[in-house]
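Protein sequences appear in the order of chains A and B.
According to our numbering, the stretch in the first sequence is residues 1 to 443, in order.
According to our numbering, the stretch in the second sequence is residues 1001 to 1478, in order.
Hints were generated in silico from the structure; no laboratory data involved.
Heads up, a few of these hints could be off.
Here are the simulated DSSO-like pairs of lysine-lysine, each with C-alpha atoms no more than 30 Å apart in a straight line [unchecked claim]:
hint, chain 1, residue 1, chain 2, residue 2
1, B, 1272, A, 271
2, B, 1338, A, 67
3, A, 67, B, 1299
4, A, 424, B, 1272
5, B, 1338, A, 54
6, A, 330, B, 1419
7, B, 1447, B, 1272
Listed next, the stretches of chain A that the computed footprint assigns to chain B, with coverage defined by at least 3 CB atoms under 8 Å from CB atoms of chain B [as the list claims (entries may be wrong)]:
hint, segment
8, 94-100
9, 122-136
10, 352-364
To be clear about the criterion: a stretch of chain A counts as covered by chain B if any three or more of its residues have a C-beta under 8 Å from a C-beta of chain B, and this derived list gives those stretches [claimed, not checked]:
hint, segment
11, 225-239
12, 269-275
13, 282-288
14, 309-321
Note that CB positions come from ideal geometry on N, CA and C, so glycine has one too.
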Amino acid sequence: MSSLIKSLRREWAFMCRQRYILLLLLCSIVVSGFAVVSGINEVNEQHATIERLKVADEIDRQDAQHKHDDFGMLAYYTFHLTYLPPSNLAFAALGERDVFPWKHRVRMLALEGQIYESDTSNAELAQIGKFDFVFVISALAPLFIILLFHDLFANERANGRFDLLVTTAHSPISLWGARSIVRFGSLFVGLLLPFWIGANISGTAATDVFIVTFACFVYLVLWTLLSIWWGRNATNSPWVASGLMGVWVLFAFIIPILGDLAINQSTHAPKGGDIVMVQREAVNDAWDLPVTTTMDAFVATHPQWQDYTETNSMFEWKWYYAFQQVGDQKAAPLAQAYQQAAKNKYDLAGFVSLLSPPLLLQRVLTRAANTDALAAFEYETQIRKFHEQLRHFYYPPLFKMHELEASQSGDKELKQRLLDTMPKFEDVMQGQVSKTDTVSNTN
Amino acid sequence: MKSQIIAIAKDEWRYWLRSKLALAVLTLGVLLTVSSVIVTTVKTMELDHQRAELQNQAEQTFTEQPDRHPHRMVHYGHYAFRTPSPLSRLDPGVDAFTGNSIFLEGHRQNSAMFADQRQGTALTKLGSLDPAFIIQILIPLLLILIGFSSISRERESQTLTFILSQGVSIYTVIIGKLMAMLAVIGLILVPILVSAVVTVIQGESLLTAMSFLFGYFAYLVVWIILIVLCSCAMSKNSESFGVLMFVWILFCIIVPRVASTTAAISVPSAGKLESDFEVIAQLRKLGDGHNAADPAFAKLKANLLAQYNVDSIEELPVNFRGTVAKNSEAELTNVLNKFAEQRMSEELAQSQVARQFGWLSPVVAIRTLSMILAGTSIETHHRFLRETEALRFEFVQALNQVHIDKLSYQDDMNRNVDKEASNQARVSAQNWQVLQDFNFTADAPAKRLQYSFWAFMQLFMWIAALLILAVFIGRRAQ
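Same shape as in the complex, but just chain A (with noise of 0.2 Å):
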């Protein structure tokens, strides 16, 4: 045991000696770092833009609702701010956020025209990507790995010391086990570091950052193994290194690049156009359509308010609200396929990303951060959910508010006593059930 403290103790002092060595360690802490600050820093913004967009969204609200008394008017007039919060990993994996929007606002009107609408931040940037900790320890840090030991035989060989230092040293372990120890734990903890600060800034869970530390373990391990095995018999060091960085290049580039050409060759989804086109037509040609036509598709999915469809207006809102629902009735076949072949997309990335272990690593840890596609899908969910939500509540005043009235009591008055129960997106989001859930339960 003593030998091996002994031995890695000389390594180290031998790496402490490498100018070339303790340059690329000196930049893995800086791109790390880089990495995680400006990571921070962009959940930081996030969370500043969300709330202020609450207390923006709040004043709206109360505004509108200030303004208008009639029901229909205030449905028309109401927003509701809806939005995914980064977690609190999610400083070291950015992952999809700049590409799916994670903030939106809705209202009562046919859904399928608003949720497509993206509020995502600049093209241009998203399209060179995030520089993230992830992006460093997935892409970068196995470069540092090749540049470290693709020439670890090849250059005691080159140099002519390969056979002295075999043949003096206790064994092959105590000294390139010893040697390898010593480049490969510099290197991690000057990679991890940054992220563990960072962690410990953000309050990420310990669990978190175990598996995270796991995986950037296993992962660089596998790179570390792989490069030593690849240069075990070679005198020629950037043959190795060439050949290492050709492994590189088809698990960073060519597997996903072929892995997408057949992903997006075998899935066919409907085009994001034929939804709104649909839900469009359907919502227009609602006007010229006779009111039963409208109702009868309505109460079909919302037997409830079979007895309140009579209207005795050319317009009333319970009929135009209606035929918003309608409208994403009818888009509703498209829209699930839409959202189904996004899955599928998904499903079928992931088996790609077992054949390169770079999007492995990324796919575990941005779905750890929560920042992937699945939570900007589960986002989208929760939007729809909310806003049924939001219809279910104010159908009751458009359709029966004649009841409503006769069975007031209490002192206060009835629009505010309705606007009290108004569903909370933020119920939603932490899986409650809303009040007006059980309201329209009981209908």
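Could you slot chain B onto chain A? The hints should help.
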């Protein structure tokens, strides 16, 4: 001198043909480029066709709508699609990241919808199979593999001393090796050249296509000078290789992303959702254009009454509700445009910050140059947004004009009374012809060249700096 250069270049070629690595790398490079050109061309042509068809369809459905109240058509709205520019088959740029269709309706400026990337596999986060990526990132790596030992090899085997002692200048050797590498560039750019010629035949301007090609040529020239110089400056193959690898990682992998991250941090952009709140606040002051009784329109009413010298809006020869709609749309659009312009200038400022990194990495310079010349940069997307906004404003106001002129105020006010009155409050479908055809094309060639000026300067700076460096390195090696 000239014959010596050619002899050295020929010798290098002979070496590559003998060495399996160089040959394999060269084949791989050409294969990658050819396949990327084919795949991207097919994809872009499909998109082009698809979007042009959708555009026609959208125009057709709009004009085929039945007789209606004109304001209903304002809300019915219209779609505009961004058809890709011819050169986007070589550099798709931001196309997959911005939405490519936009819904145009009254009172609102919607953002573009359906970015392809959102329906994608997320597999191409590191790189995609488009010619721009292949040439910007992968080809330099292959050039390094071919050229890292070009001079250091001669030094290791002592042949360099032999050549120099025969009175051959080191600069001749450097130029000879560069010539050899230049042939590789030529070979790799052939598929791009062919594709560019096709785009010219299909209507891309010759000047833009040539500048595009020249930009890529200059970019790869930066790399081969860098490679040969490094090989000349280092005493060992392995050193030359290590340094070049490091430079490649720095230029191709690190700097571009550092650039985008820095840009996002240094120019924070609020995003549409947030600035929309300010828009709403300002709009509230303007009044609701649906409600002609809104006190905000009292002044408009007084002016109109005075202009036509009547006492009530019923007596006006024009439809007051239409006038209110038209007026408020104009004022609202002013506000919306103000904020849209602000957002676009923020985005542009971000991109400009990122582009400054072209002084630090030729990769950033060629990216900028390539996207701008191909017409797939953020500028083009902004122009798409502006043009669609103009289209939106035009048809909405044309419909409002129909509302003013062709629908009487009385009929309009009674529209909800009964079925008959509702039918009375409609105008003929012939009025839907007000819609203008929308056909989006990339910026004019002169404009794109103008935008790309600094990116060209960055590449020239790189070449000039490397040539100066060559003098020093050559002097040392002599």
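Among the hints numbered above, which are violated by the structure, and what are their numbers in rising order?
none
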